[in-house]
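One-letter residues, chain by chain:
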Amino acid sequence: MNTATNMGSLQIAELTYFLCAVISLGIAVIISILCRFLAASRSETATKIDSSK
Amino acid sequence: MVHGDPMITFGRFFLIALGFSFVYFGARDILEPLIMIPMGLGMATVNAAVLFLTANTMGTIFVDPMVSDTAQLMDILQIDWLQPIYTFTFSNGLIACLVFMGIGVITDVGYLMMKPFTSMFIAIFAELGSVATLPIAVKMGLTPQEAAAIAIVGGADGPMVLFTSLMLAKHLFVPITIVAYLYLSLTYAVYPYMIRLLVPTKLRGIKMDLKGIPKITPGEKMAFATITCVILSLLFPVAAPLFLSFFVGVVIKESGVTRFVEFMENTVLYGSTFFLGLLLGVLCEANTIFNPKVWILLFLGSLALLLSGIGGIIGGYIMYFLTRGKYNPAVGIAGVSCVPTTAKVVQKEVRLVNKHAMILPFAMGANVCGVITTAILAAIYVTLLR
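Taken in sequence, the protein lines are chains A and B. Positions 0 to 52 (numbering that gives the first Met the number 0) are the ones given, in order, by the first sequence. Positions 0 to 385 (numbering that gives the first Met the number 0) are the ones given, in order, by the second sequence.
Chain A on its own, in the form it takes in the complex (with noise of 0.2 Å):
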């Protein structure tokens, strides 16, 4: 299906650009959270390991 029948080539851009940039942005945000959260739990995991001995 042609989503776009009714948009300007100029708008298709635009539309596309800005869609990237979010999404694009969004996966950086994820990828700084997990690496956090591994970051985290691997801390953790070290604090358990010192703890125990």
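If you are wondering where the hints come from, they were derived from the structure by calculation, not from laboratory data.
The calculated lysine to aspartate or glutamate pairs, modelled on EDC-like cross-linking and capped at a C-alpha distance of 20 Å, are:
#: 1; chain 1: B; residue 1: K138; chain 2: A; residue 2: E13
#: 2; chain 1: B; residue 1: K347; chain 2: B; residue 2: D208
#: 3; chain 1: B; residue 1: K214; chain 2: A; residue 2: E43
#: 4; chain 1: B; residue 1: K325; chain 2: B; residue 2: E348
#: 5; chain 1: B; residue 1: K343; chain 2: B; residue 2: D107
#: 6; chain 1: B; residue 1: K325; chain 2: B; residue 2: D208
Fit chain B to the supplied structure of chain A, relying on the hints for placement.
Showing chain B alone in chain A's frame:
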């Protein structure tokens, strides 16, 4: 060979000479050798090997790209020697997925995970050509679908161009793919001059701080690849085969299953790249290339890559100002996702000015993000325009 339209005859001689020059420049490492050597030889040979197929029709027995009738295709599959590879891997986009798997295996997503916002920011700017070329192409008489298919050349990602043109402008996918790969190899030769032109020597030599970079474990990389693949496939099911191909390569690399890694890196990636180059070469037949629409595509393809390079450097300059001079603006051009060529080009150019400057991790981060942003753009185009 000299029978028929004199323009086509001249074109054949020109393409034979061009094929020789591709082999020469590929062998000298001035153009990308992996694509250019098989492509150049294929191009020179196909334009020399013209024969009478019937009493009045001329052609070659290499490949017929536009055959669609099933009975005719069955005949041609038995005669044209590259037809089986073309029909079963090229014209259905399988080769794009295979190349993408190989790219996934050689890509270290750790670079992108080190500085996700900076890398993504640069990659978004480096998509300028993929977006700005679309309205220009429409003004030049292409349909929005054709315009989007050629605009995606600005992402400098061959498999993605193949995929988009197959989805949106199947009748033009042969010339668009030829134009795309021709120019992707030229980034190797042209982008260094663009960096020298747009980034002054003093800024090109900026040494970037590698101390604050966190270490990313293989487990973290696998988690990232799995989550991103699922999210992107959820958002753009139409491009899910490409997402899966890329991220399965990443996961295999990080899983450490060496036999799979070797298989994908050597057999899948280099095998498909070789046949891709050879097929692109034999598709460069004078009748296909000397079509007025191809000249428009040649212009738009170069414009898209030029604008993307400029966009990337603008992104680099913005980062330079935001970090108060600590970011090397030349890294911006690595946002153009020709993995890992553009990143290597930037590192080489920076090293020429300051041999102690190591910017490759940052350039690779932007480079990998470029693959993701191009995939997102292609998926949006296909979703909006299909």
